[in-house]
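Peer 1: One-letter residues, chain by chain:
2 protein chains.
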Amino acid sequence: MTQGVAKDFSYLYSDETKGRTPSQLKTIIHYFSDPNLIFLGGGLPMSDYFPWDNLSVESPLPPFKNGIGAKPSGESSDTCHVSITKDLKESQAGIDIPLARSLQYGHSKGQPEVMKFFKDHHEMIHDMQYEDWDICATVGNTGAWESTLRIFCNRGDSILAEEFAFSSSISAAEAQGVTLCPVPLDEHGIIPSKLEEVLDNWAAGVPKPKLLYTVPTGQNPTGSSLSFDRKKEIYRIAQKHDFIIVEDEPYYFLQMEKYEKDPSKRVEKSYSNHKEFIDSLEKSFVSIDVEGRVIRMDSLSKVLAPGTRFGWIIGSKDILLQYLRLQEMTIQAPGGFTQSIIAGTLNRWGQEGYIDWLIGLRHEYTKKRDYCIDALHKYLPNVDFITVNPPIAGMFFTVDIDASKHPEFTTTYKSDPKLVEKAIFDKAIASGVLVVPGNWFKVESLTNGKQPEGFVKPAESSVIFFRGTYAAVPLEKMAEGLHRFGDSLYEEFQISR
Amino acid sequence: MTQGVAKDFSYLYSDETKGRTPSQLKTIIHYFSDPNLIFLGGGLPMSDYFPWDNLSVESPLPPFKNGIGAKPSGESSDTCHVSITKDLKESQAGIDIPLARSLQYGHSKGQPEVMKFFKDHHEMIHDMQYEDWDICATVGNTGAWESTLRIFCNRGDSILAEEFAFSSSISAAEAQGVTLCPVPLDEHGIIPSKLEEVLDNWAAGVPKPKLLYTVPTGQNPTGSSLSFDRKKEIYRIAQKHDFIIVEDEPYYFLQMEKYEKDPSKRVEKSYSNHKEFIDSLEKSFVSIDVEGRVIRMDSLSKVLAPGTRFGWIIGSKDILLQYLRLQEMTIQAPGGFTQSIIAGTLNRWGQEGYIDWLIGLRHEYTKKRDYCIDALHKYLPNVDFITVNPPIAGMFFTVDIDASKHPEFTTTYKSDPKLVEKAIFDKAIASGVLVVPGNWFKVESLTNGKQPEGFVKPAESSVIFFRGTYAAVPLEKMAEGLHRFGDSLYEEFQISR
Numbered sequence: 001m002t003q004g005v006a007k008d009f010s011y012l013y014s015d016e017t018k019g020r021t022p023s024q025l026k027t028i029i030h031y032f033s034d035p036n037l038i039f040l041g042g043g044l045p046m047s048d049y050f051p052w053d054n055l056s057v058e059s060p061l062p063p064f065k066n067g068i069g070a071k072p073s074g075e076s077s078d079t080c081h082v083s084i085t086k087d088l089k090e091s092q093a094g095i096d097i098p099l100a101r102s103l104q105y106g107h108s109k110g111q112p113e114v115m116k117f118f119k120d121h122h123e124m125i126h127d128m129q130y131e132d133w134d135i136c137a138t139v140g141n142t143g144a145w146e147s148t149l150r151i152f153c154n155r156g157d158s159i160l161a162e163e164f165a166f167s168s169s170i171s172a173a174e175a176q177g178v179t180l181c182p183v184p185l186d187e188h189g190i191i192p193s194k195l196e197e198v199l200d201n202w203a204a205g206v207p208k209p210k211l212l213y214t215v216p217t218g219q220n221p222t223g224s225s226l227s228f229d230r231k232k233e234i235y236r237i238a239q240k241h242d243f244i245i246v247e248d249e250p251y252y253f254l255q256m257e258k259y260e261k262d263p264s265k266r267v268e269k270s271y272s273n274h275k276e277f278i279d280s281l282e283k284s285f286v287s288i289d290v291e292g293r294v295i296r297m298d299s300l301s302k303v304l305a306p307g308t309r310f311g312w313i314i315g316s317k318d319i320l321l322q323y324l325r326l327q328e329m330t331i332q333a334p335g336g337f338t339q340s341i342i343a344g345t346l347n348r349w350g351q352e353g354y355i356d357w358l359i360g361l362r363h364e365y366t367k368k369r370d371y372c373i374d375a376l377h378k379y380l381p382n383v384d385f386i387t388v389n390p391p392i393a394g395m396f397f398t399v400d401i402d403a404s405k406h407p408e409f410t411t412t413y414k415s416d417p418k419l420v421e422k423a424i425f426d427k428a429i430a431s432g433v434l435v436v437p438g439n440w441f442k443v444e445s446l447t448n449g450k451q452p453e454g455f456v457k458p459a460e461s462s463v464i465f466f467r468g469t470y471a472a473v474p475l476e477k478m479a480e481g482l483h484r485f486g487d488s489l490y491e492e493f494q495i496s497r
Numbered sequence: 001m002t003q004g005v006a007k008d009f010s011y012l013y014s015d016e017t018k019g020r021t022p023s024q025l026k027t028i029i030h031y032f033s034d035p036n037l038i039f040l041g042g043g044l045p046m047s048d049y050f051p052w053d054n055l056s057v058e059s060p061l062p063p064f065k066n067g068i069g070a071k072p073s074g075e076s077s078d079t080c081h082v083s084i085t086k087d088l089k090e091s092q093a094g095i096d097i098p099l100a101r102s103l104q105y106g107h108s109k110g111q112p113e114v115m116k117f118f119k120d121h122h123e124m125i126h127d128m129q130y131e132d133w134d135i136c137a138t139v140g141n142t143g144a145w146e147s148t149l150r151i152f153c154n155r156g157d158s159i160l161a162e163e164f165a166f167s168s169s170i171s172a173a174e175a176q177g178v179t180l181c182p183v184p185l186d187e188h189g190i191i192p193s194k195l196e197e198v199l200d201n202w203a204a205g206v207p208k209p210k211l212l213y214t215v216p217t218g219q220n221p222t223g224s225s226l227s228f229d230r231k232k233e234i235y236r237i238a239q240k241h242d243f244i245i246v247e248d249e250p251y252y253f254l255q256m257e258k259y260e261k262d263p264s265k266r267v268e269k270s271y272s273n274h275k276e277f278i279d280s281l282e283k284s285f286v287s288i289d290v291e292g293r294v295i296r297m298d299s300l301s302k303v304l305a306p307g308t309r310f311g312w313i314i315g316s317k318d319i320l321l322q323y324l325r326l327q328e329m330t331i332q333a334p335g336g337f338t339q340s341i342i343a344g345t346l347n348r349w350g351q352e353g354y355i356d357w358l359i360g361l362r363h364e365y366t367k368k369r370d371y372c373i374d375a376l377h378k379y380l381p382n383v384d385f386i387t388v389n390p391p392i393a394g395m396f397f398t399v400d401i402d403a404s405k406h407p408e409f410t411t412t413y414k415s416d417p418k419l420v421e422k423a424i425f426d427k428a429i430a431s432g433v434l435v436v437p438g439n440w441f442k443v444e445s446l447t448n449g450k451q452p453e454g455f456v457k458p459a460e461s462s463v464i465f466f467r468g469t470y471a472a473v474p475l476e477k478m479a480e481g482l483h484r485f486g487d488s489l490y491e492e493f494q495i496s497r
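First to last, the sequence lines map onto chains C and X. Count the first sequence with the UniProt record's numbering and you get residues 1 to 497, in order. Count the second sequence with the UniProt record's numbering and you get residues 1 to 497, in order.
Chain C extracted, bound-state conformation (with noise of 0.2 Å):
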């Protein structure tokens, strides 16, 4: 299939990225390998004066037999032995980043072995639909978010979220100056013919939103996730409007089975290959995007640990070059520990051992749901105010309750459903277990309302709800935490048993 390029989207950058200018000095950087060149032209030390060599580390070993969260016995029939030297030993090319060159500076877009491996790993699983694309390595989806905002906004610019939102991305987007415009969510994500009469609508006059953040897979907080058909139309209004979709996606590989919740009907979903896994994935933003109109953010916190401070970016060449400019600015490249170990690590496992740690992780985590949403339907209220919202993907559940049908509701609480739901929190720490409101995520709230001029906010509810996390905790634990909040409903709404 021929495919196009992307479309030119500089119109869209901040006077931030217009103004920000090569210096001199990374010119003259493709002198450096030259060599005929003897280069005195940057103050790097000699790796001679770097202490450390020798690093080794050891991880469990595909196909993970006994489960992701199994201890490997360190023999090497279930472990994988990192071993990385300072000096590359000819046998690790292309597959170990040798610390002399990991502990350097340089390679600011990621060393080639492991964005190589995450390159090829994107291609597995996302359908690429234009040729110029590119990919650059970050320190995670929280800071590569905040340099999207950099990147394209200026103090007074606005851009879209979803009606709740992960309240650090919206804080860095408040700080910067920029408006936030709330879209309607239901129980599955982004409404797109909300998004559209928003949009459509826009007061005549007032610059239009440059981008429209979402976290399309077990959003944070509401645990909702995008379907393709709502994906392809939210694409389409993008192009309309002219807006671009950065799609952040920590969670991607956290997808699920629906929730079935007759246990005798579960069965623990085995894929006879790893095509059957990834087809099972829901498709990305990115797999729609013709012309680079997509940004996607991908992040190891979720899958392998938050601690290793390692993510990527997807997107047009073009863009991504912004990112890399500010990026030699301010973090100048992920870590070289970081780096150099999970490039050895993951080239061990291989493309398909990867595949089998995310399916392990898939197995995991639905274990982890099923129990968590047995346990809410267990000891919560069986009462038609409250709704469990079993997830399909992430960490996160979520519990409607509707604060008008508590006794005190008109009385003690004035009708204010923050008020009741400000209750249920303070009696739920009290009873020893703490779950997050759903209004400390309100885009509205986090941003005290400020929207561009003749902006329809979304409709106000007395829904209320509660974010929890079956990620966190042991299962039992879990269990307890889950019977203390449900305890808490009871009394609360002076419901009898």
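Please keep in mind that the hints were generated in silico from the structure rather than gathered at the bench. Relax, there's no trap hidden among the hints.
Which copy is meant is left open, because identical chains are indistinguishable; a pair holds if it fits in one copy or across any two.
Dumping the calculated SDA-like pairs for lysine to any residue here, alpha-carbon to alpha-carbon at most 20 Å: (1) 18 x 155; (2) 86 x 56; (3) 378 x 493; (4) 86 x 107; (5) 71 x 83; (6) 71 x 56; (7) 89 x 72; (8) 18 x 177; (9) 477 x 41; (10) 86 x 54; (11) 18 x 154; (12) 477 x 34; (13) 71 x 48; (14) 71 x 89.
Please read these numbers as outputs of a predicted model, since none were measured by experiment.
Put chain X on the given structure of chain C with help from the hints.
Peer 2: Relative to chain C, chain X alone:
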């Protein structure tokens, strides 16, 4: 001695800093460690699913008898073995950061085991003059400086910088729309009287600069170092004209004895004790600071390895809190592997062992500097219009050249020193050596001469300079490079031998 507390400098903060509201989510983090509470509040993966365990790495062992570049044998007599498990063994408490913690979210200020080491180290080296100072981890000084600009400056604000400065630092300010005012330098760095003149004559009504950005030790690119007396003068001027001093100190421990031209008179400096070494170091700006007006940025890049992507800031608690809040939205924290490895290594070396390393580093760089300056004297034309500047710190030497002495200065080069500079650069490249034209670091050129109204620019001169390094290449290769550079000058200036 009774110490005061830091002054409140919040009136100097940027709109962004003033608009950064801590999210409610952060307010609940203290519940996380409450043993009676089940915390279902955060999307933290369980460390059971982190694949890595049994990380180990080797380094040489203090006192580094055979020099810091000597490869350790692997035996315990000269080799430091660091071994870090996922869960902490009791014997490692206070020394190692278990991977279960370093690879998890949290600790945006840096892990306690590593920050305690650098805090103690800082107190050994610097005299703090106020009580409420603090330390915060960074991913290195490049990022820390970029963050400093975000914390203090709005578009249109101005700052002071050395007349010639590291281009990346200048470009970061330029991109953010911050105006740079170059401060005149001589071979010893910023000239306090000139700085004062600039500020005393500041145009009425134009807001004064908020920051002074300086690399006091082994300045990049000039190689100059500020004496303690000049620092005291500059601090007085900072108080008078109310700006913050940002001391960017990657080269602080690359201080050396003065260059001695006669090799027979050179003695390898040895210290009878560590105090003698510490006393030999030039005192820092932060040691003068009585009111939290100085922000000090330290980095491991030149001392251990750039790829650690680790550094730290010292400043008042109030100001550091702003870095932390920004950091929580950007990098979150330095990498976990890096922190585990740094803590594991340095806590085994101990404070005294680390000083041994720094003394060893000084020896290596002194040797390289001496070899380099000797070679420059040997290979460069011995004429009065070419001056070699032997540095007393850092990685860089400079060679001053009076461009007006070029035989074709008024003809081919139209009396423009920059054109002579370009011709020398090209000739050197053609001869197989790269040294960097000083003009590439000139703040005025880098910023297209934008300065606040009425600002008095440093005087123009026909003297150009080139920056080279003795850090990046082995001795023989360096000598060959300088030989080639010398030949280019002989040719270009048509000097007979």
